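Going down the list, the protein sequences come from chains A and B.
Per my numbering, residue 1 is the first one in the first sequence, and the count goes up by one each step.
Per my numbering, residue 1 is the first one in the second sequence, and the count goes up by one each step.
These are computed hints drawn from the structure, not numbers from a lab.
Fair warning: this is a prediction, and the values are worked out from it, not measured in the lab.
Any given hint could turn out to be false.
Unchecked claim - Pairs of lysine to aspartate or glutamate residues, derived as EDC-like cross-links and limited to a Cα-Cα distance of at most 20 Å, are as follows:
| # | chain 1 | residue 1 | chain 2 | residue 2 |
| --- | --- | --- | --- | --- |
| 1 | B | 26 | B | 101 |
| 2 | A | 197 | B | 91 |
| 3 | B | 16 | B | 68 |
| 4 | A | 26 | A | 10 |
| 5 | A | 197 | A | 159 |
| 6 | B | 26 | B | 170 |
| 7 | A | 197 | B | 276 |
| 8 | B | 197 | A | 276 |
| 9 | B | 26 | B | 86 |
| 10 | B | 197 | A | 287 |
| 11 | B | 26 | B | 81 |
| 12 | A | 77 | A | 58 |
Number of protein chains: 2
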Amino acid sequence: MRQAGRYLPEYNATRKQAGNFLNLCKTPELACEVTLQPIDRYGFDAAILFSDILTIPDALGLGLHFVEGEGPRFHKKITCEQDVADLPAVDVADSLGYVADAVSLIRRELNGRVPLIGFSGSPWTLACYMISGGSSGDDFLSVRKWLYSRPDLVHSVIDRLTQLVIDYCDMQVQSGAQAIMLFDSWGGLLADSHFEKFSRRSLQTIVDSLRQRHPDTPTIVFVKGGGQWLESIAATGCDAVGCDWTVNLAQARARVGDRVALQGNLDPAVLLGSPEHVAVEVARVIESFGQRGPGVGHVFNLGHGISQFTPLDNVSVLVETVAKASRRLA
Amino acid sequence: MRQAGRYLPEYNATRKQAGNFLNLCKTPELACEVTLQPIDRYGFDAAILFSDILTIPDALGLGLHFVEGEGPRFHKKITCEQDVADLPAVDVADSLGYVADAVSLIRRELNGRVPLIGFSGSPWTLACYMISGGSSGDDFLSVRKWLYSRPDLVHSVIDRLTQLVIDYCDMQVQSGAQAIMLFDSWGGLLADSHFEKFSRRSLQTIVDSLRQRHPDTPTIVFVKGGGQWLESIAATGCDAVGCDWTVNLAQARARVGDRVALQGNLDPAVLLGSPEHVAVEVARVIESFGQRGPGVGHVFNLGHGISQFTPLDNVSVLVETVAKASRRLA
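Next up, chain A with everything else stripped away, as it sits in the complex (with noise of 0.2 Å):
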C-alpha cells in the first residue's frame, strides 16, 4: 500500500509545494521526493513508487481531478458503446512518461537502499471509476448495473485496460522497478460467478505478460474483499497475494499453499490506536501466518491503505516491532 501520504508532515510540504494532488503524481521530482520520505523516516525494507491508480483512466483523456473530501473525479466518463470507442489511443510511454520518469529517478535516488514496487490498479478496478465516473458512495452500483445489462460493453473496457495495464507495468519494470504489485480494489463487489469473468481473467493475463516479458520481476496481486478467492487469485501465477485484514493467514496459507508468498494484513486502524494495542498487533499479524521455512513467505503490509489520522509514533511501533520479530525468526 501506499507509504507516503497526509500523515506525513514532510509529504504535505511537498503537496503543497505542488499546488495539488495531480500535479504531484505528474512531476517526477515531486513523486521521487514523497516516495522516499518514509524510506528516510521510518527505514522501510521496501519503496513503493508514489502514483495514483487513476493515471491510465487520466491518460485516456477522462480528465482526472480531485474534490477536497471528495475523492477523484472525472470530467467525462464512459456512459455507451460509443463512449469506448471514442477512447484516444495512448502510447503508454507518450503520455505516462513521467511515471517512467518517476520511477528512474526513484531507482537513482535508491542507489540500491531497498527496491522499489511499482503498481497498477486492475482492470476491473480502474473501469469502476471510468463508468461511474469516479469514486462511489454506493458500491458502483451505477457500474454493477452495466453486468447485468450490457456485461459486452464492460468486457470490451477491460479488454482495453487490460493492454494499457500490461504496457504501463512493463514501462515501470524497464524503468527500474523490482516488483510490480496489482490492486483490484473493488473486487470484493463482484458477485462470486462474476469476479473470474470480470476481474480475475484479465489480472491473469496481466501476470502471464509480465512474466513472459520480465521473468525476474515478481508480481503481487492484492483483491480488497477477496478473501474468499484466494486460491484463484493465486492461480493467476503471481508470486504474492495480497490479504486485507479480514483474512485469516494460517487458513489463507492452508489454503493457496507455499507456491506463493503472502502479504499483509494489519488492520489500518490498529495504527489509530494506542502504542500497547499496535505492538501487540503487529505480533498477533506475524505469529498468525505460522512457522516461516525455506521458500515459504510472508511479507509484513497492513491489509489496506494508511489512515491520514496515523500518528507518526505508532508507525515507528510497528516498523521496531516488525525489525525484533524478523531477528527471532530469522
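Given the structure of chain A, go ahead and fit chain B onto it with the hints provided.
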C-alpha cells in the same frame, strides 16, 4: 432484506403521508401498510416487518434522525466511558412497543397468508452507528480505532446491546413474529481475530436465548461481507445463514453442512439490469445451490437490500423465475 421501499410507488405515497421515515416506522398502522404492500403486489412467500435497524439506539435516547441522501444520524453519540454509563435503562415493551403493535397488526392483517419475519440489527452493527454517530463514509474507521485503544468500552456497549436485542426479538416473537433475522451489516469490517470477539459471540448469545425462550421460532443470521466466516456463523446455532452476493452457494453449503439452511444470494444490482438478465441470474443462484433434498434448505433472497432504482417489472420476473424453479424442484 427489506421488501418495501422507495422502488414502490405505493410505499412512497404512504411515506409521504407519514411525514418522514421514522414516523413511518413508529406508526403501527403505516408500518403494517407498507409491510403488506409488496406481499399484495408480488405475492412473496413471506413478509418482512417494516422497521429500521436503529430503533434500539433511538430507544436509548440517542436521537435518531435521517438526513436526505445521507442516511441515519444521531443527535448524541457514544464518545467515552461516561456516555456508556449514562445510557438509560430501557424497558423494551415500553420504548419499543410500537414495534410490537406493528407486528400484532401485521399478523392480523396477513391472516395466515404468509409467515412474518421480524428482525434486529446485531450488537456490533448497532454499536458502529452509536459510536460513529450515524452512517460512515470510511468503513467506520473511527469505530474500528476504538477496537485498538479501548476494546473494553466497545465490549460494554455490545454487552448492553446484546441484552436489548434479546428482549427486542423476544417481544417481536411474543407479538407474532414467526422467524427472526439478525443483520450484522458491518461484521465484514472486522479483522478475522475480532469477528469472534466483537460480533459472533453476541450473535450466539442472542440465538441461544431465543432458542430457550422460543424453541420453535427459527433464527437467520446475516453477516454482510462474512463469506469467510460461514462456518462460525452457522455455529451460532441459527437455523439459516444469510449469504451476500459474493458467496458461492455450492461452496457455502459444503462448508456449513445441511444442518442450517442458506438464504440469499442474488446481487441486488441484477434487478437494475435487463429482464432477460434477471431471469438468467435468478436461475443461476437457484442452480448454484445444487440438488435439494429432505432437510436441505435454500431460501431465495437478495444478497443485500433492494435498490430504490429497481424497475417494478424486474421484481415480477424474479418472482416468476423463482416460482417456476420451485415447481420444477418440488
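Against the 20 Å threshold, does the CA-CA distance of residue 26 (chain B) and residue 86 (chain B) hold or violate the hint?
Roughly 25 Å separates the two Cα atoms, so the pair is violated.
Does the alpha-carbon distance linking residue 26 (chain A) and residue 10 (chain A) stay inside the 20 Å limit?
Roughly 18 Å between the alpha carbons, so the hint for residue 26 (chain A) and residue 10 (chain A) holds.
Given the hinted pair residue 197 (chain B) and residue 276 (chain A), is their Cα-Cα distance within 20 Å?
Within the cut-off at roughly 19 Å; holds.
Given the hint that residue 16 (chain B) pairs with residue 68 (chain B), test it: the Cα-Cα distance must not exceed 20 Å.
holds (14 Å)
Please work out if residue 197 (chain A) and residue 159 (chain A) have their alpha carbons no farther apart than 20 Å.
holds (11 Å)
Straight-line alpha-carbon gap residue 77 (chain A) to residue 58 (chain A), limit 20 Å:
holds (11 Å)
Given the hinted pair residue 197 (chain A) and residue 91 (chain B), is their alpha-carbon gap at most 20 Å?
violated (52 Å)
Given the hint that residue 26 (chain B) pairs with residue 81 (chain B), test it: the Cα-Cα distance must not exceed 20 Å.
violated (30 Å)
Is the Cα-Cα distance between residue 197 (chain A) and residue 276 (chain B) 20 Å or less?
holds (19 Å)
Are residue 26 (chain B) and residue 101 (chain B) close enough, with their CA atoms no more than 20 Å apart?
holds (10 Å)
Agreement of residue 197 (chain B) and residue 287 (chain A) with the hint, judged by alpha carbon distance not exceeding 20 Å:
holds (19 Å)
Restraint status (C-alpha distance of residue 26 (chain B) to residue 170 (chain B) at most 20 Å):
Given that 20 Å is the threshold and the Cα spacing comes to 19 Å, the pair holds.
The structure shown violates the earlier hints numbered 2, 9 and 11.
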